[in-house]
Amino acid sequence: MSYLNPLRFHFFGKFQAAVSTVNNDPLHFNNATFKKEYQERAEGPTKGWWNPRGDANWRMIGCKITSAWMDVDKHAAPDDPVLQCSLADSDLTVAAKLVDLDPAQQGVSEIWGLTIRIADEAGNTLMAAKYETAAFMNLWLRWPSGGGDKSGGAMYQSVLKEIEWGAIEESPFLLALRAAATDGLLSIKFNVDAFDDDFKSPTFTLGRIAGTIGPATATGPKHFVVGRHFMTTALPGLGFFNPAGKVNFCDAVVNEKAGKIFLDLGNSLPTVTCGGPFSNLGTLSLACECSDANGLPSLQSLGNVNYQASGWYERTSGVVILPEDRKLTPGELKAIAQNQLVIMLTDASSNSSPAIWESPGGLYARADQFVYRLNPGEAAEIQIYASVLGQPYADATIVSYFDNTQIGGGPQVGVPASALQFALLSTTDSNGRASLKVSAQNPKNPRGYIDGQVYGIRSVLVDTLPPAMGYPFNQSEFVSFLLLDEFVADPPVWYGCLQPVFQQYSNLYPIMDRFLDLSSYESICENVIPLQAAFGLAVSDPNSMPITRDLSASKRKAILQWLKNPGPDGKPLLGPVPPPVTTVAEVAETSGNGSVLPEKPGGKLAAIARVRAAQLRRFKR
Amino acid sequence: MILLDTSLLDELHGPGGLKSALQRAIELEHATIPTYLYSLYSLGNSNPEIVKIILSVIMEEMLHFSIACNIMNAIGGHPTIDKPDFVPQFPGHLPGDVEANLVVHLRRFSKDHVFNTFMVIEEPEHPLNFPAALAATRLTIGEYYTEISKQIENAGDGIFTGDIKKQATGFGFSAKELFAIHDVETARNAITIIKQQGEGTTTTPKDEADEFAHYYRFAEIYHGHHLTLVPDPPPDLPPDKKYRYDGPMIPFDEKAVLPVIANPKQSIYPKDTQAHYLNNNFNYAYTSLLKCLHVTFNGHPERLGVAIPIMLSLRELAMEMMTIPFKDGENAGPSFEYAPVNPQGPPGP
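Protein sequences appear in the order of chains U and Y. According to the working numbering, the first sequence holds residues 4 to 624 in order. According to the working numbering, the second sequence holds residues -6 to 342 in order.
What the hints contain is simulated information worked out from the structure, not anything from laboratory work. Predicted model, so just to flag it, every value in this text is computed and none were measured. Yeah, the Cβ is synthetic: ideal placement off N, Cα and C, and Gly gets one too. Just to be clear, a hint being listed does not mean it is correct.
Stated by the list, open to error - Quick list of the computed label-pair ranges, beta carbon to beta carbon:
id	chain 1	residue 1	chain 2	residue 2	range
1	U	D516	Y	K158	33 to 43 Å
2	Y	N182	U	A35	53 to 63 Å
3	Y	I157	U	G187	51 to 61 Å
4	Y	L48	U	P583	27 to 37 Å
5	Y	G292	U	L428	50 to 60 Å
6	U	E40	Y	H175	51 to 61 Å
7	Y	D225	U	Y524	45 to 55 Å
8	Y	I157	U	K440	40 to 50 Å
9	Y	L305	U	P494	21 to 31 Å
10	Y	D78	U	K164	28 to 38 Å
11	Y	P244	U	Y524	49 to 59 Å
12	Y	S13	U	E40	33 to 43 Å
Claimed, not checked - Derived BS3-like pairs: lysine-lysine, alpha-carbon spacing no greater than 27 Å straight-line:
id	chain 1	residue 1	chain 2	residue 2
13	U	K249	U	K260
14	U	K203	Y	K264
15	Y	K320	U	K203
16	Y	K45	Y	K248
17	U	K203	Y	K76
18	U	K67	Y	K76
All chains, full assembly: derive it from the sequences and hints.
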C-alpha cells in the first residue's frame, strides 16, 4: 500500500530550502586554503555562491490540501473539514533541515527532522507525524528552456511515522485515513521544482511543491512503489538529466480490485516556464502493448491524461487514475498483467509515438533506502526489491557493484574500494526481496581535508545486464554512501585535535557566528552547555549539530568527551600549541572551478558538472 | 517604572486569585522580551558588549518566566501561553500597565530607546523617591510579586498540590535560580530571585548573585560605562552614592546598527517580497516557540530543551530579515505576531 491508493489526498504550495552554499564547493573544505571571501554572497567560484549564510531550513509554506479521495470515484464531501486544511511543518520545534550527503554527492539532499502536520485554518493540529528521512530522487531538466537550478525538478518519497491524530471526528476523510493506516504509517510523495536560487528575487529560496499522502503498510518499500516502472534514457548534455522522450521516469500501480491503473506523472512532465504550466506535448495516453487477433503487436489505449486542464497539477499532484470513465475489463487486466505499458504522445496530425516505456520485460530492481552514512565497524542492510511487471520477482539474482559515475568533485572518490565490503551476488526471496549487507571499515582519510569517503553501489537484476538487453538504467537509482574516518583522540584537546574540526564548521557555516564563533576556543568555552546539548542530540532531531550530519561517531564522541571533562581551569582541555603548518595539501583533483561550469554555478547543476568533468578526466587518462 | 493598577490586588485576593495573578505575571515576564529582542537583533554581529548585556537580561526574563510557570504548576495551575492575546501589541502598553506614558515599541537599538523604554520597564521602586500619592492606586511589578508572595504565605504549604514533575529545572539555568517549588519557602525564594534580578534591593543595585539588576545593566549601556564601586567609600555614604558609571567603557558603534523600521506588521510587507515570506517564517517560528513553551509548562518540562533552540533560531531569522531594504532607507524587521499557520492571514498590499 502506498500513496497511489484510492484513499489519498493531494497538496500544493511552496517549500523553502534555505540551504547554505559555502559547502557546495569541495575546495572550501580545505582549512589551509580557505579564504574569508568564500563566505561572501556572490556569483562566481571565488566566493560563497548564492546563499553562504543559509541555515538549511526546510519549510512547507502555504501548502493547501487541494483534493481528497475516499475511493476511486468518490471525492471527499465538499464540507469535509480536510478540504480547508493545510499541510504544514512542525509548530513545536525549529524548522527541518535540508542536507547534502557530501560535496561530492549533492544529488541526494535529505530532509532531516521534518514533522508533517495536517492543520486546520486556525493552525490546530489534526495529524502530526514524523517524516522518515529520505533524499530526493530523479533530478531532471523539468523546465527545458530554462537554465540553472531553477530548471530542475525532483521527487521525494517516504513514510510518515509516529502519527498523532487530533480532533478529526468531524472529518470522514481523516477518520477513513486513520482507519486505513493500520500499521501506523502513511505514505508521502512530493515533487519539487522551480527552486529560486536568485538572491535578488522576492521568492528567493522558495520553490513549488505538489504531493500526495495515502496509507502505508510496514511491509514493502518506503521510498518507492512496487509497481510498473517507466524508464527512459538521457539526451546528451552536461546538465540535468534530459529524458529522450520528454517524459521523465514515472511509476504506476495496477489496482485490480478497482479495475484502474494509478499513474503518477508528478515529476515527469516538462513545464513551459519556471514553475509554470506543463508544455503541450500533444495528447498523452497510457497504453498496453499486446497482440491483436492475428497475433501481431498492437497498442491498446487505457485512457488519456488531461494534463493541460486548468488547475490539473494543483488538484492531482500529477496522479491520474485510468481509465477515467470506466473499469478495466478482465481481458484488459490480463493483457496488462502480461505486457509492457507505454505512455504515448499524439500530435495534432494524429501522429503517435511512444514517450516512455515500461522497463524492458517489466524487469525492475531497486534499493529502498538509497543514502547511508556509515562509521567504521558499522554495516548497512540494504533492502532490494525485484519485480516483473509489478509482481514480486522471486529467486532473482541481483548483482551489486561499485558505481561512482554519479559522484565526484574535489579529491578522488570511491577509494579505497576495500573499505566497503559487500557480496557481489544476492538472491531474492519469495517476496522478491533481497538484503545486501554492506560493511564499513576505516577508509583512513583518503581525501585529506574532507572527512571520510563517498561511494556509489548499484544493484541490478542480472537479467538486465548487457549484453542481454539495452536496459535503460536510471542513473539516479544507486545507493550513495558517506563512509566516515575513524578519529582517535586520547584525550581530546583543542590544539591540533578538535580545533581543525571546529574551524572547518566555522568556515563552511558562517551563520553560526550569530550564536558563537566556532573557530574560537574562548567562544566555545562560553557555550559549553548548549554545545553539549546540540552535539548530544539524535541526528534525527531537527536541532542536531552539526546540521550537515557529516560528523563521524568517533569525532562526536571526542567532542562530547572534551566538552564534558574540563581541565583544572574549568575549561575544556587546550593542549599544547602545535608547530606551524608549513605546507598546504594539494588536492588530487580540482573542483571544477574552470570553464566546464554552467553559467550559474554553486548549486545542483554545478555539482553535476563537476561529476561530469571528473568523469571526462578519468576517461582521458 | 511600570505601574500596575491596584485592582489587580483585588483580583489576587479573590477566589482563584493566585492562579490569575501568576498567569498575569507569566504574560508580563514574556511581554518585555520582544522589545528587547528586536533591539538586540538590530545590533547584528556588532557591538558585542552591548549584545552581551541585553542577552543577559533576556535570559533572566526567560528565567523569571519559567519560575512563574513553575509556581503556577506547583499550586496545581496551568499556564496558558499558546493563545493569540498572549502576544502584546506593538506599539502598546505592557499587560496590566496603567502608566500612559510608557508605550512600548519594537525599535532598533539606540541609547534613547534603552533610556526611554528599557530603563523605564526595569526601573526599581525607590522608597525614598516613591510618590505617596501614587502608591494608593498603583503598584510596581516588584510590589505585585511581593503581594503574590504574601498571598502564598497566607495560603500556606497546603496549596502546593501540583505534580512536581511538571516543573522545569536545569537547561543551563543554575540550580540556585531555577529549582522545583514545593512549599511556601521555595516559592518565596524564587520570587525573591525575580524581584532582585529585576530591581536589585533597596540598599544595593546588585542581586544575591552579586550581579547588577536589569535597570543598572541597561543604565551601563546608556552611560557607556560599567557601574563600579566608589573607591574607599565613607561608611555613611548613602546607597545611591556608592556606585558610579565610570568603570570601563562600553563602546557603542552606532553606524553598525541595522536601520530597521519601527513596529512592523505582517500586513505592511507586500505579497511576493522576501520580507513577506521571511516575516511569515519568523512569526510562525515565534508562535512555535510559544506553543512549545505551553507544552513545556503543561506537563512536558523536558521540552524546554527544544524551546531554547527555537528561540535561538528566531535570532537567525530576524537578522536575515533585517538586512533586507524595505523602504525610505529602512530595512525590514520581524513583527512578533501570533501566526499558527504559515503564511498567516491575507497577504499584504
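Quick rundown of the hints versus the structure:
About 38 Å separates the C-beta atoms of D516/U and K158/Y, a value consistent with the hinted range of 33 to 43 Å. In this structure the supplied range 53 to 63 Å holds for N182/Y paired with A35/U, their Cβ-Cβ distance being about 54 Å. Checked against the given bound of 51 to 61 Å, the beta carbons of I157/Y and G187/U, roughly 33 Å apart, lie outside it. The hinted window of 27 to 37 Å between L48/Y and P583/U holds, with their beta carbons roughly 36 Å apart.
Separated by about 54 Å at the C-beta atoms, G292/Y and L428/U satisfy the suggested range of 50 to 60 Å. Taken as a hint, the range 51 to 61 Å holds for the pair E40/U and H175/Y, whose Cβ atoms sit roughly 57 Å apart. As the Cβ distance of D225/Y to Y524/U is approximately 38 Å, the hint placing it in 45 to 55 Å is violated. The supplied range of 40 to 50 Å is met by I157/Y and K440/U, whose beta-carbon atoms lie about 48 Å from each other.
The hinted range of 21 to 31 Å is satisfied by L305/Y and P494/U, whose Cβ atoms lie roughly 29 Å apart. Here the CB-CB span from D78/Y to K164/U is close to 36 Å, well matched to the stated 28 to 38 Å. Checked against the hint of 49 to 59 Å, the C-beta distance between P244/Y and Y524/U comes to roughly 24 Å, which is inconsistent with it. Distance hint check: the CB atoms of S13/Y and E40/U are about 57 Å apart, inconsistent with the given range 33 to 43 Å.
A C-alpha spacing of about 32 Å is found between K249/U and K260/U, which places the hinted pair above 27 Å, so the restraint is violated. In summary, the hint linking K203/U to K264/Y is supported, as the alpha carbons are separated by about 15 Å, within the 27 Å threshold. Taken as a hint, the K320/Y and K203/U pair is honoured in the structure, with Cα atoms around 16 Å apart against an allowance of 27 Å. Among the hinted pairs, K45/Y with K248/Y is consistent with the structure: their alpha-carbon atoms are about 18 Å apart, no more than 27 Å.
Of the supplied pair hints, the one linking K203/U and K76/Y is violated, its CA atoms being roughly 36 Å apart against a limit of 27 Å. Restraint check for K67/U and K76/Y: satisfied, since their Cα atoms lie roughly 23 Å apart, inside the 27 Å limit.
The structure is inconsistent with the numbered hints 3, 7, 11, 12, 13, 17, although it conforms to all the rest.
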